[in-house]
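Q: Got chain A; can you put chain B on it based on the hints?
2 protein chains.
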Amino acid sequence: MDINQFIKSSFGQWRSQRSAHHLIFSHFEAVQSVIDIVGLAPDDPAVLALCQNNDIDPQRIASPFRMSWEGESDWNEDQNEELKGTTVLVPVPDLSFPNRGKLLRDQGYAETMPAVGDYHLTDDGTFVLLTQYERAAAEEKIWFVNPNLRFRISMIKSSDGVGVITASFSSEIRSLKS
Amino acid sequence: MDINQFIKSSFGQWRSQRSAHHLIFSHFEAVQSVIDIVGLAPDDPAVLALCQNNDIDPQRIASPFRMSWEGESDWNEDQNEELKGTTVLVPVPDLSFPNRGKLLRDQGYAETMPAVGDYHLTDDGTFVLLTQYERAAAEEKIWFVNPNLRFRISMIKSSDGVGVITASFSSEIRSLKS
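Here the protein sequences line up with chains A and B, keeping their order.
Counting along the first sequence from 1, when you hit position 90 you're at 301 in the numbering used here, and nothing is skipped either side.
Counting along the second sequence from 1, when you hit position 10 you're at 221 in the numbering used here, and nothing is skipped either side.
A couple of the hints might just be wrong.
In this list, chains with the same sequence are indistinguishable; a pair is considered to hold if it fits within one copy or across any two.
Unchecked claim - DSSO-like mimics (lysine-lysine), calculated; alpha carbons at most 30 Å apart, straight line:
#1 Lys219 x Lys313
#2 Lys352 x Lys219
#3 Lys313 x Lys352
#4 Lys313 x Lys295
#5 Lys295 x Lys219
Bear in mind the hints are in silico, worked out from the structure with no lab data behind them.
Chain A on its own, in the form it takes in the complex (with noise of 0.2 Å):
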């Protein structure tokens, strides 16, 4: 499995559920949404753009997509935040090792900012993404149970990297070939 097959197989309408476990108080949170990832032309301008502003050329991506989503969490003390987005994404494979990259966003999930992330797909085909944020490292691990049922598992640390301050799992369930 390369990027662009792994990024094809995502393609669609899932329904997600996501527990987020904030393991300092033992609190879980629970997380309903749905997400749409949607291929993007290579010289759609969003990304375009997107290369642009991190001076990669555009010939070097692989396929670029998009992802909306829009959700409702048990635990959403502030009745106006919406769990609703959508962001572009463009990876950028290594030169030298195909397995291995750069993903380019135009916002991140823990900071509301553009963000770039390491990727690399491991021999069992999970893609495992780290991304360094100002205040905090985010690392993500997603990977098929099979073609209609994706599991993510994501941490969220400290900037140091070193204490785990959220563990969160989804598993998605395809609702829609797109």
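A: Chain B only, in chain A's frame:
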């Protein structure tokens, strides 16, 4: 990491947060529990009995241990059902492939009966356990994020091994070293 190292790293008391996703109905279940894992002597009567019941030469086994748990679920309609149990586990490494083997248990998770699972340790130190029950199959992955934090993913599948019925994620934080 071999099986004995993996088991010894697990000794102690763990505070566990488990989220189960019942996939068909998109239901969330949250369980908090305390798990105790203690080593047993290879000639402990419970270990010898489990070997005998499975026709295993006690000379062949790796570190046997006892796991006990006591927990509370937020989804416990039957108030009489206690999330409490204890089980003796005995790994029996394969003679030819030391990172694979059988795991004997005097009580399984998915059904309250003795069970024999197939385990293997992956190159990155993940313990994978597959157990076939009469009416279901269970697949479990356990790995250490750091010496005091374990993650555990488990799936209950239909007995044909195809449909995933329940997916669950546990984060386990060490509270006491044994």
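Q: Does each hint fit the structure? Answer for all of them.
A: Hints versus structure:
With identical chains, the CA atoms of Lys219 and Lys313 are at most 30 Å apart within one copy only, with a shortest distance of 18 Å there and 37 Å across copies. When the C-alpha separation of Lys352 and Lys219 is checked against a cutoff of 30 Å, the pair qualifies both within a copy, at 17 Å, and between copies, at 26 Å. Both within a single protomer and between protomers do Lys313 and Lys352 lie at most 30 Å apart by alpha-carbon distance, with minima of 15 Å and 28 Å respectively. Taking the shortest Cα distances, Lys313 and Lys295 sit within 30 Å of each other inside one copy (25 Å), while across copies they are farther apart (46 Å).
Taking the shortest alpha-carbon separations for Lys295 and Lys219, only the intra-copy value of 23 Å comes in at or below 30 Å, while the best inter-copy value is 44 Å.
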